[in-house]
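Residue numbers (the working numbering), protein chains in the order written: chain A, 1 to 998; chain B, 1001 to 1418; chain C, 2001 to 2088.
In short, the hints are calculated from the structure, not lab data. Ideal placement from N, C-alpha and C gives every residue a C-beta, glycine not left out.
Taking CB as the label site, the calculated pair distances span:
(1) B:1151 / A:104: 34 to 40 Å
(2) B:1207 / C:2009: 40 to 46 Å
(3) A:600 / B:1207: 43 to 49 Å
Next come the chains, spelled out residue by residue.
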Amino acid sequence: MSQNFRLNNIGLINRNKKISFKFNGKKYFGYEGDTLASALIANGVHLIGRSFKYHRPRGFFGAGVDEPYAAVQLNRNNETEPNVKATEQELFEGLEANSVNCWPSVNFDIGAINNLLKMFFPAGFYYKTFMWPKSFWYKIYEPFIRKAAGLGVASTKHDKERYEHKYEYCDLLIAGSGPSGLASAYSAAKNGAKIILAEDKARFGGTLLTDDVNIGNQNGKEWADNIISELKKMPNVIVKNRSQVFGYYDHNMLVMSERISDHLPITQKYIPKQRLWYIRAKEVIISSGSIERPLVFGNNDTPGVMLSSAAKEYLKIYGVLVGKKPLIFTNNDSGYETAIEFKKNGIEPIILDTRKNPNSEIINEAKNLNIKIKFSYVVVVAKGYKKVKSAEIAKISDDKKILSNIENIDCDCICVSGFWTPTIHLASQSGAKTKFNKDIDAFVPDKSKQKETTVGAANGVYTLEETLKTSFDIGYQLSKKITLKDNRVSVPSVVEKKSEVHDKFWCVPLPEGKNYKRFLDFQNDVSVADIELALREGYRSIEHVKRYTTLGMATDQGKTSNLNGLQLVSEVENKIVPEVGHTTFRPPYTPVTIGAIVGREVGKHSKPTRKSPMHQWHEKNNAIFVDAGVWLRPRYYKRGDETLFEASKREAKNVRKNVGVCDVTTLGKIDIKGPDSAEFLNRVYTNAWLKLPVGKARYGVMLREDGIVMDDGTTTRISENHYHMTTTTAQAANVLSHLEYYLQIVWPELDVNVVSTTEQWAGAAIAGPKSRQVLQKLFPKINLSNEGLPFMGYLESDLFGISARIFRISFSGELAYEVNVQSDNGNFMWEKIMEVGKEFNIEAYGTEALSTLRIEMGHVAGSELDGRTIPYDNSLEGMVSKKKDFIGKRSLNREAFVADDRQKVVGVVPLDKKTSIPEGSYLVKDANAKLPNPKLGHVSASCWSVEYDNPFSLAIVKDGKNMIGQKLFALSPLKNKSIPVEIVSSHYVDPKGERVRS
Amino acid sequence: MQKYSVFNLIKNAFNNHEGWEVAWKDPAPKNEYDVIIIGGGGHGLATAYYLAKEHNIRKVAIIEKGWIGGGNVGRNTTIIRSNYMHDENALFSEFGMNLWRSMSQELNFNIMFSPRGIINLAHSDAQMNAYSRRGNSMRLNGIDAVLLDRDQVKKIIPMADFSENVRFPIFGGLMQPSAGTARHDGVAWGYARQADSMGVDIIQNCEVTGFDVVAGKIKGIRTSKGNIKANKVGLCVAGSTSILAEKLNMTLPIETHLLQACVSEPVKPILDHVVTFGAGHFYCSQSDKGEMVMGGDLDGYNSYAQRGNLPTLQHVLTEGIAMMPFLSKLKMLRTWGGIMDMSMDGSPIIDKTHIEGLYLNCGWCYGGFKATPASGWTFAHTIAQDRVHELNAGYSLNRFNTGHLLDEKGLGTKTWIS
Amino acid sequence: MLHIKCPHCGLRSQNEFAYGGDASVKRPELNKEVSDKEWNHFVYLRKSLRGKHLELWHHISGCRQWIKVQRDTATHEIFKTFKASEEI
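Please put together the full structure from these sequences, using the hints given.
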């Protein structure tokens, strides 16, 4: 198909590069520099999609971010992406796009039946119906509505694209490269400020690209081009196109999304699709311009109705005619500028001006060009379904209430201009209040909240001369404040046409007996009647109106509809617009790809992975790993086709029988130094610490101030004023912060320093009756007898030439040691242990065997210390000193904590000695009691006791101390299990703890 | 009151919908009421409705600083569930589930309760065990719960990340099939409309500036629209609780924090259930409009600003993509924040206070929306009878003295850690 | 994102810090008799001020010092930051 609507001699596109693309399966051509929208219009395609609710045909209304809809499904880089705006998507070779929200096709859409039934679907109709019968909402109505809703189709595949983040600091961030942005950027940059100039579009210059103006004897575009090329050469300037500053957050942090590859057919290797910039700016200049407001009339959503500024942009930037018989409908002079451009390019427009007798340079120029102008005229209704074919127009009375002389005129597009709305989103996001400017019938930023200054059209300044003057000045003033330099550039002279004031009129009344839909929100199909209905029903605050009608809640967030909505509410409610107020502007200004927000932290990198120095050994020896926080720990070492159960049983058995070694590097380790260390530990732990001798370790429990157990572990006195604390893997970071808090905030008088040494030490726990023999091989020089290294003793020695710390501590309940060496030597240590241990049948064991060993010994761990239990619950009351104060002690005597029937940890054994009790089961008296069945406690941890070869569990049970010997049921309704059990002591194996001392 | 029905909808269609009456009136405050409810959010509106309906107390005013439904009832992710471990929370929420199930019909307002099921994903055996503990507790309390293995999860939400390239593989999940979502605004408006029809005065744009307390008894409140007398006053203001408590010289076990949420652009149906991520804090569902509704962590520091910062959302969405990689290509459309009354054990407070006639309803943390009907029902009971109902007996203020805490997460008093 | 001036390190982004809550909460002295009320007040009750709030932050990805920050909880404006040792 040929580009029938493309002009030959105008536009900024590259005509040397023809681009082919497909829309809805049909092949078209455009040029490099086109958007998908401009290329389609050049080919005479205006029907882009269907609206959300009524499935009415939708065309192009804007030319960029002002477009309220124009969403397409885009195929690019072998992936599909929903809801891409055709007015923002640049054309590339091979682009394929499809309409969304229509079936079977955009031309023939079954959903359009909604349009015929629209009288039954006013705002909020769904609140009033679909209630009967009761189950039908979820089963019938809702699935139907869901299917009909939604726009594009999300790909279910992993996103192959790459997104990056960048952090940047600057003196001045300038958002928008129109005249105000360029002027302030240039002025500030010349005064030495480090600036970032961001432009959303591909081309810099904003309205200078389309307005017929002169700056310093150059036309607007030439001036913009020159400023940009000069800025690009300056070392203190970053200039970014295709970059939208979408959020203004606290403390002058702004976020910008840069579209790096979206305009290219494929993403190059190592190049991101988009880059997210976190920018901390000392000052911010908001030069985001303004968006033209629609005029509202019957069927004003028909394809072919569009903003006059968009029509001008298609013409001047893309060389595309949006129609050949344009009707311009305006309440201000902007429409004339569009008409003049049509005329200059050989098209005969007709202007309908709502004003009675306006007079200005621009109007005179139009008159001189013999453009047909009708004053006090309005469009009553657009005719045509999928494209404007004609329009009914009428003369309107001076009070704008009565229509007369209604006639039908031929046209193929209607370009509307209802004056301009400043883009105040960023200023408002910053926290600035807004004020209503009556001269422009719109809100502008009031006093700035953070370090932002709004300039040009975004601030309601609509003449170029004033815009440049103030922008040059503000760029200079702000930069001077930061750089303390004083280089001022002169403001160039400006030639622009003067305009007449606009007409406040924005909505055409309905002719007698007609009930045309007049739309405010083109995507969500919100009409004037919908707003009126909401108000009639008492939804009167603007937030209620918005939520009830969904006005401004579509993907454009109401950029062209919100202000007209406010005008309507104020008229019906008989208020002035500022009394109605507006809804809150929140980031993002335009929708931002979620992948870009997330950046590179995806897939395996969504969280860090921590590995011990022995990780490779584990891998080589068929370790199956388990996530322990962000650490990877061997869960078991698989031999042949062993299951988890078999392997862990083998490993645990070997510990009980021979000797095993477990990687305990992940335990938190904290170095504690200083003369008051003992006193500090004495306050942190529940037990006594003042008399721990050098070379001895002690088990300790620490509480939160609310009396709940926070963590446990052993701490060893390395020397007089030096301790080595271990924490659980999970709580390592919290415990360090906790200690620092007490040292720095609560007891600063204590002379103690703490530092994390988790990463500094690799640890191996060697456990089992033969562990002493293994140790002796590792450390032949030292005396490892009970006298030389007693239980809870500590020694330093060298392990084949490297220094090592040896702790005689045990988690497994067996005779056991823990050896620590510097991390770099971890693997060496491990291999030596395996080497010397071979003759004793040493085997590595994982966390699963470790759990088994600790459970059958009745040692509590994370599943019992779950942030809800006190020492008593865990049978740790013996650890709680009565003589001294410590963190959390005062909470322990609260009513619930000292209750006679307080919960306590117990052991649980199935009566049949065969059936494993699933963790998370509950203990009840009566397995068949009616619900809710009173629960006595829950099973916190289960294992297969390798000592007795039957299942064993730990449980925390109400009145646990009196429950030993009771016969109960362990219920797991989730697993359909009801297991008769007996409550036993939690110390199932070696209750006297003789082995660890052997 | 005008009935909402499909017949009335059709009837009114032929009259250009000009026959619809106001959903609620906008009266000026009277001098005196039997009960004043401060806070025109979901809980306040529900309380007034149940006071009128269950206890026949109709001289009731709702005093709202802004516009009704403008706080957290209109700022949440619309999830409704009763998948709690502690009995107090579970039985309370399940009572609420029954109210949800018939709410549309009871209020004659389609609040679109949609029991699409919630799935909490688990990423380790340890987490499967923790979920078993919760799920078994639910089942023993008569609440539906199903433990799903990896393959079962894959069948229900195939677009979750079941690939090799995943940091925390999915092991399975806990599902409450009867949990779901509802239309949040509709809940506020539905209660407002019925409360209004039974005589409750809904007073908007009226700020409470003080309280009249004489000899330990509440006598009335002072507002920007004048003084209003009442011997019973219920405080139901979520994130603003501490501000009003200060006017009563009360310090409470709550802190106000910001929770953000966001939605993507609408897409065709892809996710039928509510899903939560187990290796972090992220939850997601798809609205009827097609938007992915997503939330997660608090911003993490005391805040009364209904605006948040991007790094928190970045963190939340990182977990989102980790759970469902397809989210990456969608665009974040809208973000917002609500201020949460975070209690020191994560569970709410519905109780009498040391001031006679003053009743407290706060501490809802993340869970306020789902609790709306049960909260309103029990609070109405507490106010009307001047004693707590057994359903909210566990939600006493005194539990922080006795140690009978209801800490579902076991995180203690650091409310900013989620 | 907040920009917090660590009194030890200078101006840093919030993501280097962890929040530590109300700095006006004072732990009762060790070994001192305190009433239940006093103790529970310390553990659970918070003023949760709207407006100027003195709070603790922990520079965990920096110098690991706990600092005090005076911040407006409604606007997030930070008025001043202090070392832990400084009295306000």
